[in-house]
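Trainee: As a plain string of letters, each chain reads:
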Amino acid sequence: MRLLVSIGVAFAVPAFAIDYEEDIKALLKQRCVSCHGALKQKAGLRLDAGSLIHKGGNDGPILEKIILRVSSRDEEERMPPEGSPLTPEEIAALDEWISNGASFSDDEVVPGSPESHWSFQPVKRPKIPEVKDKAWIENPIDHFVLAKLEEKGWSPAGKAEPRVLLRRAYFDLIGLPPSIEEQDAFLQNPDLTRVIDGLLTRAGYGERWARHWLDAVRYADTNGYERDATKPFVWSYRDYVIDSLNSDKPYDRFIIEQLAGDELPDRSSETMIATAFLRLGPWDDEPADPATDRYDQLDDILNATSQAMLGLTLACARCHDHKFEPLLQKDYYAMVAVFNPLHRPRAGRTELAIPAGTLKEVAALETRDKAINHLKEVFEQKYLQSGKSKLPRDVVTAFLESKTKEQKDLSKKNRKQLDEELAAAMPQDEINQLRQNRPDLPRAYTWQEKSNAPPKTHLLIRGAPGRHGDEVGPAVPVILNSHQFPAPSDYSSNRRLGLANWIVSRENPLTARVIVNRVWMHHFGHGLVRTPTDFGIMGETPTHPELLDWLAHWFVHDANWSLKKLHRLILQSNTWQMASNLENRAYLQSDSENRLLWGQNYRRLEVEAIRDSILAVSGKLNREMHGPHTYPSIPPEALEGHSDPEAIWKPLDEKSASRRTIYAFVKRSLMLPMLEILDVCDTTQPSPGRRVTTVPTQALNLFNSEFSNRQARHFAARLKREAGPNPVDQIRLTYRLALCREPTNDELDSIGNFLETESLEELCRVIFNLNEFVYSG
Amino acid sequence: MSRFRPNLTPCNRTRREFLGNLGGGFAGLALADLLHAESGTPHFAPKATRAVFLFMNGGPSHVDTFDPKPELDRCDGKSYSGDAEVGSNGRPIGNLMKSPFAFKNHGRSGLPISELFPHIAKHADDLCVIRSLHSDTAAHASGCLQMNTGAISIGKPALGSWINYGLGSANRNMPGFVVMTDPRGGPIGSASNWSSGFMPASHQGTLFRSTGSPLLDLATPKGTSDQTQRRGLDLLRDLNTKHLATHPEMDELAARIESYELAYRMQSEATDVVDLDRIDAKTKSMYGMDNPLTADFGRKCLITRQLLERGVRYVQLYSGGGHIEETWDGHTNCITNHKLHAGETDQAIGALMTDLKRSGLWDETLLIWGGEFGRTPTSEGVGKFGRDHNWQGYSMWLAGGGVKGGQAIGATDEIGFKAVEDRHHVSDLHATILHLMGLDHERLTFYHQGLDQRLTGVTEERHVIREVFA
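Protein sequence lines correspond, in order, to chains A and B. So the first sequence is numbered by our numbering: it starts at 625 and just counts up by one. So the second sequence is numbered by our numbering: it starts at 38 and just counts up by one.
By construction, these hints were calculated from the structure, which means they are not laboratory data. Worth double-checking, as some hints may not be accurate.
Claimed, not checked - Here are the simulated lysine to aspartate or glutamate pairs, EDC-like style, with alpha carbons at most 16 Å apart:
| hint | chain 1 | residue 1 | chain 2 | residue 2 |
| --- | --- | --- | --- | --- |
| 1 | A | Lys1244 | A | Glu1330 |
| 2 | A | Lys653 | B | Glu479 |
| 3 | A | Lys947 | B | Asp489 |
| 4 | B | Lys279 | A | Asp1370 |
| 5 | A | Lys1014 | A | Glu1004 |
| 6 | B | Lys279 | A | Glu1371 |
| 7 | B | Lys259 | A | Glu1330 |
| 8 | B | Lys279 | A | Asp1373 |
| 9 | A | Lys1037 | A | Asp1018 |
| 10 | B | Lys279 | A | Glu1366 |
| 11 | A | Lys653 | B | Asp489 |
It should be emphasised that the depicted structure is a prediction, and the values quoted were computed from it without experimental measurement.
Given these sequences and hints, build the entire structure.
Mentor: The structure is reproduced here in structure tokens:
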């Protein structure tokens, strides 16, 4: 049994030499360095580098004492003070390493002070490096990439074939394959820039890239938990993101609107809807502990903001100073103070969305509604007095007098019926006129500040809501540059506006780096920093730090925060246009993760792009944009695990269900099976990017599901319609539509053979399952 | 390679986490890794290699099942004056209500068990009842989440995900984490109870149906013959293999080709698991499949045995689904409620225990019985027979691999409201379950959001309940 083998290994007596890097350093990092490292040096001791271990702490050398301290039976004496003691195996390994002289590599780098961490430094534009192979250079990106390759004596992969580039550009920018006409046009005139510019003007661009942003900001249409209620009008935020990207709203403005759209001087319904960002998290409408729940909600906002926009894991400092980053508990609560004035508009467990518009518009709407209510009240009195009501006399009297408790109860009970009568009897002209003069406003699913006087915020000792520490005001983490928060306005604390302005200020070292990295990630499969939500000390260092800084600086200063300009720059580079068949064995051996970017990455498409592509090639994709979510069909068996199988999903007609996947209902307690199986991200946290897992249940879904089979039938019908009865024509069209290329003779043979006994529908199903169909790059 | 954590990368993450976190895997990974077929590395020798969680959804009453309270009998009908928080969500509070069910001592150990479970009682000497559990919430949604994932907030990986992550798959043709829900519906919170949270989707629980086709999309589509299905898969393999020549470095693509073959084998293996035709009538009858009341849970328990035989690491069975009285949530009448749900499950659970012993799986299988919390010793409303939620003290039992049976650990107060002796938080139970499976809850970590996350959380110290171990 495999298991026994691995147990055998785990228990093996150390017969091999202890390796400092692999055995000792990892152990120290995991158990000791949070108190004895660059961040904290208890007893003046650091254990994060061999030379420092030898040096010892305030009381001199410690090498001799380590074993005594970690194996002590006295709990006061024993290290580490928290968690379980080191295991006998761990102690034995330490002992052996120390007895053998505690050796370490001479070139071991001593970690610097946290202040000097790369991502906390201002973004400066580095010099563009010189390269030998000038012919390869298309734009500055290529200088940075090629210079690193040349340093190693490597050369970049060749340019990808035109049809590959075309398909790559389509999937990268709009998430759909090119049509036959678009393929023909490009092959006749292979001008990639024209294609890129064209794609960037399409509505599909916003639909594709909004999904990436929604991942980063934990978007879902429901709250999760027992009732898993639908968030009213939350879809208007999804539309806001799509439209903002399509209009190339500068990224700094995009951030400000989402954090503080209600506090902006030029507030509008659009900027109000943007603030739904704050309210996208899960919410338990029946919390176990309301006080903790309140802080959990603030934590959710803080976490989404700090990870998605700043690449910081600030939420780890809720109960104590961050163990690995220079982030203080005080920093955490200073950020809580920013969001603490927010209230969730609700009526009991029911959440409300509020009218979104300028202050003037909202006030005017209130006036209108008051006027309408007044008209209704006047009419009601007249109606009741007129004796026209069909309600019993005592009920009518109860409504008119409403004195005793009995009368009030009676009125309450009959309210609905009276309202129905009134609705039928009351002339609507006047009301209609009022509504016409002042139409309804769109609704925003957002939090509200009730006044401009924010509540007090305290640091909570060990994160416990009952244990108040010092009072804190709004501030940004002290490790980063300080920031002056603005004075409150007449109606709001302006704290979020203050935070937003700091986040997008040119001095902020993180914001531009983080977004540039995210965009890069979606064009290459990996970011230049491979931990896109963590730019702290625990995050990875950039593979190309100068390139990242150059791009961040260029993005802010030259592109004026325009994402479309950034896409254009990246896609025009030779780096992006390299082939993705990475066959160089020597390079693979030394850099199997392609960190040096010696070629493009061949990437599995996200599930949305897979589903949308299936619909696109079957000819059934419904391109209708915007509006409330759609419900793609779910097999009844998939509803079996749900506590309310009957009530939760409202299947739509096929046409509405065949819209792009971004419009599909995202229910936290019931994910569409295809999405769930094919690695959609967790919706409760800011996502660092989609994972790629390969498991048999994915094969079952793509091969056997009702959706795949139905679309295969549609695709086959389309092929017959458009290619005619000749199998070779049909196969050729299949390949061009689905894979953007002609089939090889070999493929023609295999498929021709298959079609002798099997139907075109069966072929189409196979096509949807091809690796080539679900991969791009 | 480090002996303390598998395959550490420079940023202190295991290679598996590393890949999971980054998505878009690249060349150089073993095919087996991508299919998660490698066995994991337990921290010490596991006592049990698989587990079955018999989840009594809704919250079974401990004072009516495994925690007899003579003092409650004496105080029957009196009002409660202690300091426990009574009831949930503003529901009416009645007087103390004795258990209508008689307790008897069973086995050589004399473990007291109520008359609700005559079949389970036959295995009294194998049960380790923990009577002093407590958790953090009075609500079903957060309670189920906490019992399954350790946290009251959604988005954390379930116990089954952690076990599969820690031990790896034992059979690539089957999912490693299987969930079977009640025909009346799933638990509140649904899939968030078997989600893999921040871990890769391959660790999430797979819903398994006990009738018809067990897995979603397992069956060959209607109108497609088996021969056509096979020919389709052959063509797919043929075309995919040709394509692989353009990216020979990518094991990910090879793994995807292989995944279709695994799926095909899963089609027959998983279908076999639910095909009980080969099982003799006597066995079926032992599981209660010949009685409409017990047939459904009996069928699930029998299928559970077959899943365990095929190397599934973690099976979770739900008794009760939907809301209130369709689950163990006996607000209206706890007596009829528990008679119903115990009646539906007792025989099958007893049969599963007998069967596991007979088939030799017993010693490496851990059984876990319980719900998201217990119920109040008070009635819900004066003169009523319901009981409200009680998270301050309740019972669960463990049995099987590595467990010392015939004992009760800890105690609630005299009338059964609060855990008072050897109090154990749910997370202690989780630490203990992991320990039995060879995993140290402090070392089984998954790096996410700047933290080495654990099933038992990172803020509180949690303890393995050592008294459980044989």
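Trainee: A separate judgement is required for each hint: does it hold in the structure or not?
Mentor: Going through the hints against the structure:
no.: 1; hint: Lys1244/A / Glu1330/A; result: holds, 15 Å
no.: 2; hint: Lys653/A / Glu479/B; result: holds, 15 Å
no.: 3; hint: Lys947/A / Asp489/B; result: holds, 11 Å
no.: 4; hint: Lys279/B / Asp1370/A; result: holds, 9 Å
no.: 5; hint: Lys1014/A / Glu1004/A; result: holds, 13 Å
no.: 6; hint: Lys279/B / Glu1371/A; result: holds, 8 Å
no.: 7; hint: Lys259/B / Glu1330/A; result: holds, 9 Å
no.: 8; hint: Lys279/B / Asp1373/A; result: holds, 12 Å
no.: 9; hint: Lys1037/A / Asp1018/A; result: holds, 13 Å
no.: 10; hint: Lys279/B / Glu1366/A; result: holds, 14 Å
no.: 11; hint: Lys653/A / Asp489/B; result: holds, 12 Å
The structure shown violates none of the earlier numbered hints.
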